[in-house]
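Asker: Given only the sequences and the hints, what does the whole structure look like? Please build it.
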Amino acid sequence: DTGVSQNPRHKITKRGQNVTFRCDPISEHNRLYWYRQTLGQGPEFLTYFQNEAQLEKSRLLSDRFSAERPKGSFSTLEIQRTEQGDSAMYLCASSLTGTRVYEQYFGPGTRLTVT
Amino acid sequence: AQSVTQPDIHITVSEGASLELRCNYSYGATPYLFWYVQSPGQGLQLLLKYFSGDTLVQGIKGFEAEFKRSQSSFNLRKPSVHWSDAAEYFCAVGPAGSARQLTFGSGTQLTVLP
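Protein sequence lines correspond, in order, to chains A and B. Using our numbering, you'd call the opening residue of the first sequence number 1 and step up by one each time. Using our numbering, you'd call the opening residue of the second sequence number 1001 and step up by one each time.
Certain hints may be false.
[As the list claims (entries may be wrong)] Just some of the chain A residues that point at chain B, by a computed CB distance under 10 Å:
(1) GLY3
(2) TYR35
(3) PHE45
(4) TYR48
(5) SER66
(6) PRO70
(7) ALA93
(8) VAL101
(9) GLY107
[Claimed, not checked] Now the in silico label distances, taken between C-beta atoms and shown as ranges:
(10) B:ARG1022 <-> A:GLY72: 34 to 42 Å
(11) A:LYS71 <-> B:TRP1083: 38 to 46 Å
(12) B:ARG1077 <-> A:GLU103: 16 to 24 Å
Honestly, the hints are just simulated from the structure, not real lab data. Being a predicted model, the structure only gives us computed values, none of them experimental. Backbone N, C-alpha and C fix where the C-beta goes; we use that ideal spot for every residue, glycine too.
Answerer: Written out as structure tokens, the structure reads:
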């Protein structure tokens, strides 16, 4: 069990640029979640995948955000035309299904700073 | 809609002292409850969880939490705090819809004095 990994750990970008983050979940986990965490707040749900299918998206996920999990393994989160309000920590989590879906294992996050 | 309230933004305790972090939730049915800890540069780590049964649950690192339905609370406790416990602690509740995502409180930052 190597844990959930996320890359990059930090990203600084200029407003209007596109950014992409990657998440590698625990290998046997078929559920993958993306959360966003702003300063002084707890994580907020963005979207989740069951295997390669994206099954739900939060209203927080504007049209500038897109997430994929093409082969049911790693996932990417892309933000187009970044805005300063996108500055946050983006967290990925993975889990099994059934009752163990609630045992979500989090990665260290990608901290995005939009200047 | 479900919600989680952590009334204490910041708590300071001396090493060796006891600790209690408060968590109140709002949820229409029996909730699943969690405590996570987040250290700088580290991911959120699950400390303990409550699904059903015994209302006093034991977790890792010597932490425990007690579910009190009448008070809608799930407070985290530790009898003797270690300097390495300094971190941010998050209470969370699930399920939060078909995604089964977690709803988190805003966190309590714990400082441990030597």
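Asker: Any of the earlier hints contradicted here, and which numbers?
Answerer: The structure breaks hints 5, 6; every other hint is satisfied.
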